[in-house]
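Number of protein chains: 2
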Amino acid sequence: MVLISTLLNRLMMNLDSLYSELTLKNQAKMALIVLDGVGDIATAQTGYQTPLEAAKTPNLDALCKDSALGRLIPAAPGITPGSGPGHLGLFGYDPLEYQVGRGVIEALGLGLELKPGNVAARANFCSLDEQGIVTDRRAGRIATEVTEELCALLSDNIKKIDDAEVLIRPGKGHRFVVIFRGPGIEGPLTDADPHHEGNPIPMVQPTQPDSEKAKKMAGLITKFYEVALPILKGKTPANGFLMRGIAHQPDIPVFQDRYQMKPACIAVYPMYKGLAQLVGMEKLEGMTNIEEEFQRYLDQYDQYDYFFIHFKTTDMMGEDGDFEGKKKAIEELDSALPILLQKKPDVLTITGDHSTPCPMKGHSWHPQPVLLHSAFSGSDKLDRFTETCANSGSLGILEAKYLIRLMQANAGKFDKFGA
Amino acid sequence: MVLISTLLNRLMMNLDSLYSELTLKNQAKMALIVLDGVGDIATAQTGYQTPLEAAKTPNLDALCKDSALGRLIPAAPGITPGSGPGHLGLFGYDPLEYQVGRGVIEALGLGLELKPGNVAARANFCSLDEQGIVTDRRAGRIATEVTEELCALLSDNIKKIDDAEVLIRPGKGHRFVVIFRGPGIEGPLTDADPHHEGNPIPMVQPTQPDSEKAKKMAGLITKFYEVALPILKGKTPANGFLMRGIAHQPDIPVFQDRYQMKPACIAVYPMYKGLAQLVGMEKLEGMTNIEEEFQRYLDQYDQYDYFFIHFKTTDMMGEDGDFEGKKKAIEELDSALPILLQKKPDVLTITGDHSTPCPMKGHSWHPQPVLLHSAFSGSDKLDRFTETCANSGSLGILEAKYLIRLMQANAGKFDKFGA
Numbered sequence: 001m002v003l004i005s006t007l008l009n010r011l012m013m014n015l016d017s018l019y020s021e022l023t024l025k026n027q028a029k030m031a032l033i034v035l036d037g038v039g040d041i042a043t044a045q046t047g048y049q050t051p052l053e054a055a056k057t058p059n060l061d062a063l064c065k066d067s068a069l070g071r072l073i074p075a076a077p078g079i080t081p082g083s084g085p086g087h088l089g090l091f092g093y094d095p096l097e098y099q100v101g102r103g104v105i106e107a108l109g110l111g112l113e114l115k116p117g118n119v120a121a122r123a124n125f126c127s128l129d130e131q132g133i134v135t136d137r138r139a140g141r142i143a144t145e146v147t148e149e150l151c152a153l154l155s156d157n158i159k160k161i162d163d164a165e166v167l168i169r170p171g172k173g174h175r176f177v178v179i180f181r182g183p184g185i186e187g188p189l190t191d192a193d194p195h196h197e198g199n200p201i202p203m204v205q206p207t208q209p210d211s212e213k214a215k216k217m218a219g220l221i222t223k224f225y226e227v228a229l230p231i232l233k234g235k236t237p238a239n240g241f242l243m244r245g246i247a248h249q250p251d252i253p254v255f256q257d258r259y260q261m262k263p264a265c266i267a268v269y270p271m272y273k274g275l276a277q278l279v280g281m282e283k284l285e286g287m288t289n290i291e292e293e294f295q296r297y298l299d300q301y302d303q304y305d306y307f308f309i310h311f312k313t314t315d316m317m318g319e320d321g322d323f324e325g326k327k328k329a330i331e332e333l334d335s336a337l338p339i340l341l342q343k344k345p346d347v348l349t350i351t352g353d354h355s356t357p358c359p360m361k362g363h364s365w366h367p368q369p370v371l372l373h374s375a376f377s378g379s380d381k382l383d384r385f386t387e388t389c390a391n392s393g394s395l396g397i398l399e400a401k402y403l404i405r406l407m408q409a410n411a412g413k414f415d416k417f418g419a
Numbered sequence: 001m002v003l004i005s006t007l008l009n010r011l012m013m014n015l016d017s018l019y020s021e022l023t024l025k026n027q028a029k030m031a032l033i034v035l036d037g038v039g040d041i042a043t044a045q046t047g048y049q050t051p052l053e054a055a056k057t058p059n060l061d062a063l064c065k066d067s068a069l070g071r072l073i074p075a076a077p078g079i080t081p082g083s084g085p086g087h088l089g090l091f092g093y094d095p096l097e098y099q100v101g102r103g104v105i106e107a108l109g110l111g112l113e114l115k116p117g118n119v120a121a122r123a124n125f126c127s128l129d130e131q132g133i134v135t136d137r138r139a140g141r142i143a144t145e146v147t148e149e150l151c152a153l154l155s156d157n158i159k160k161i162d163d164a165e166v167l168i169r170p171g172k173g174h175r176f177v178v179i180f181r182g183p184g185i186e187g188p189l190t191d192a193d194p195h196h197e198g199n200p201i202p203m204v205q206p207t208q209p210d211s212e213k214a215k216k217m218a219g220l221i222t223k224f225y226e227v228a229l230p231i232l233k234g235k236t237p238a239n240g241f242l243m244r245g246i247a248h249q250p251d252i253p254v255f256q257d258r259y260q261m262k263p264a265c266i267a268v269y270p271m272y273k274g275l276a277q278l279v280g281m282e283k284l285e286g287m288t289n290i291e292e293e294f295q296r297y298l299d300q301y302d303q304y305d306y307f308f309i310h311f312k313t314t315d316m317m318g319e320d321g322d323f324e325g326k327k328k329a330i331e332e333l334d335s336a337l338p339i340l341l342q343k344k345p346d347v348l349t350i351t352g353d354h355s356t357p358c359p360m361k362g363h364s365w366h367p368q369p370v371l372l373h374s375a376f377s378g379s380d381k382l383d384r385f386t387e388t389c390a391n392s393g394s395l396g397i398l399e400a401k402y403l404i405r406l407m408q409a410n411a412g413k414f415d416k417f418g419a
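Line by line, the protein sequences give chains A and B. Under the working numbering, the first residue of the first sequence carries the number 1, and numbering increases by one thereafter. Under the working numbering, the first residue of the second sequence carries the number 1, and numbering increases by one thereafter.
Okay, chain A solo, but in the shape it has when bound (with noise of 0.2 angstroms):
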């Protein structure tokens, strides 16, 4: 009895729920500026500077001198995380505890809607033999317009497979998405797809082997290649395909009612707009540039409370491993930074959803610098918003899912814990 009753206090006292317990409404607007893939690592090669710290950046070093710093772990020491979990992360969701399917992150990635249940699958053609054996993967790297008519084509033919609606949608080279609407169905399922060259194309199982939904699921996508196989037979060289990452849109909590704040998403890229919409945040259109970006933020300031503003370019420069390309992203960030400043937020916070170290080309696991500016952040009397600044500044080196706390601790959005 005393072991069950201790295990219930402990699930009772999820901090989740005392944070929601604590949650204040309260006018202050607070902006969360992501750079994505800001962090960076210093080595010799680039006189052991960073991009960050060979950028010049008067207003974002005007800012931190009233503001507190600190890094932030996008997911768990030593994990590289895609741009789902760190962004989800950074929303104040666990990322470990809210995982988002490949195929549903592609599909955000491609603009499409997916409304909990949804079953998205990430797809790309491939070559078969006559056995059905798999001979190229990526069937040749067949061009993106080969893609579109191909999918094109299974569309045409393909609109329901039982009871469940089927999208399909070219991406790029040989890639496509395919959605599954329908009633009782979810995932993750193991995927369509040997990862080696002369195997057939494996069955997909539920991964959670009671689950009666992914059993219905693994139905459909049997019968989807049962209907769609025959329609490609003799394409050359893409007379197949393979499917991985089969899950279902996860029901997240709306940020909305977790924060009691309403959100807005300004981003320019629709995968950064997905991973919005997923926690419920209203997106806005039509923005092309870090500029607009800002200025629609002013335009809108009035009509929310929270505002996720995404910079993709640090991100892409960082992929390149273009360090100057990287450095100038970020003095193209800091020029449009007094746009925003026009209208204060009560807590304003910059940081990465990870790190893209230029060394690297690509993601990293290096916590990402993180500034948080308010009336009451205090100064951590550090000069610039940089990863060594970083790692003396208060908020210390934490996990990204608690920065949306002190965000909503810095606004005033907290009652105190306890007498």
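I should point out that these hints are in silico values taken from the structure, not numbers from a laboratory. All figures in this text were calculated on a predicted structure; none of them were measured in a lab. It cannot be assumed that every hint is accurate.
As the list makes no split between identical chains, a pair holds if one copy fits it or if it spans any two.
[What the hints assert, rightly or not] Straight-line distance between alpha carbons at most 30 angstroms, and here's what the computed DSS-like set of lysine-lysine pairs gives: (1) 283 - 29; (2) 381 - 312; (3) 65 - 381; (4) 312 - 283; (5) 328 - 381; (6) 160 - 283; (7) 416 - 213; (8) 115 - 312; (9) 25 - 115; (10) 215 - 381; (11) 343 - 361; (12) 328 - 65; (13) 416 - 65.
Given the coordinates of chain A, work out where chain B should sit on it, guided by the hints.
Using the frame of chain A, we list chain B on its own:
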């Protein structure tokens, strides 16, 4: 199924059990000096200084040279704690796991003895109209003397409700406390307080509906109202009362068993003595200032292993927003420190239970600085015990509940883990 396995996992990972297993008993002495609310923030108004930075603290500075520094998160990121959770954390009890009701804290603050299982409520007089509608939740903020008279009247007429002894004790202004001592009762209950004027006093209910003890307690409260309201009938303006934070003293593992140390509490104010008593510390009585507190430490040095020494003024000045006052309070503490250092304990820690930044005039979530001094603390080569220095300390920024574990380690009170 998933739920149960998660719970079992949590149980098996219980860190407290591991600490207990490794705990050793030895002759080492330790002292925890709590400068209540000492943490602060640097802002432009104070020339970017905190009171700790502005204060002249030669004795703390000297100690700093051979100390490790860091910052303590009182409960969880962004959470502003009351004194209860703040101190429980410092005593090594997770404040999220051991929650103490406001009634209990209030009773402790009045110096009342509470035993495990006693239920306490904070109460205050109010005004009711003829229909029992609350017209003034504070009864015009009647004077303490009036409250004392009314409490005496209630006390004289109500000694027991069923099998539970009832204690009624006046507080400040319109406030008082009611304690129930009897078998088979517990909280927490919902408040007997509509929280807004123009409504009747609501019936109380268990917040955990399946607790038989809480159901019994709810019945006692209802009967208490049935007996007490007629006694107040016709009084103006205080002819009714509201009850809030109705909860039992939680069953907290006893300090001496948990840590194998005999603890003493050296504090001036009843609240802190009460909190120490909650975990089973012995209260030493009769001090009125920090010099006397340190002197008592010297006198009792041989009688105890662990000394909790509480200094209140820093918090009071912070609550008043009095930067100079807080600075002077720190200097007062510093001047008195040599008394304690006549018999330096093997491990000495100096910290707060939370921050009370002057610009906020109240408790906050900002991690409080901590200094740990022992033969094995090492030197962080930081000059001063300040927030900024603490940001770079070797203790890092960690949850307050771990402080006592570091003290145990520094005192040689932990066996090695594993071979």
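Quick rundown of the hints versus the structure:
1. 283 - 29: Answer is within: at 17 angstroms inside a copy they meet the 30 angstroms cutoff, but 47 angstroms across does not.
2. 381 - 312: both (29 angstroms within a copy, 28 angstroms between copies)
3. 65 - 381: both (6 angstroms within a copy, 22 angstroms between copies)
4. 312 - 283: Answer is within; shortest intra-copy Cα gap is 16 angstroms, inter-copy 50 angstroms.
5. 328 - 381: both (26 angstroms within a copy, 23 angstroms between copies)
6. 160 - 283: The answer is within: 29 angstroms in one copy meets 30 angstroms, while 62 angstroms across copies does not.
7. 416 - 213: Intra 43 angstroms, inter 28 angstroms, cutoff 30 angstroms: inter-copy only.
8. 115 - 312: within (25 angstroms within a copy, 55 angstroms between copies)
9. 25 - 115: within (27 angstroms within a copy, 37 angstroms between copies)
10. 215 - 381: neither (57 angstroms within a copy, 54 angstroms between copies)
11. 343 - 361: between (36 angstroms within a copy, 26 angstroms between copies)
12. 328 - 65: Answer is both: 22 angstroms inside a copy and 27 angstroms across each meet the 30 angstroms cutoff.
13. 416 - 65: within (28 angstroms within a copy, 35 angstroms between copies)
Hint check: a violation occurs at hint 10 only; the rest are consistent with the structure.
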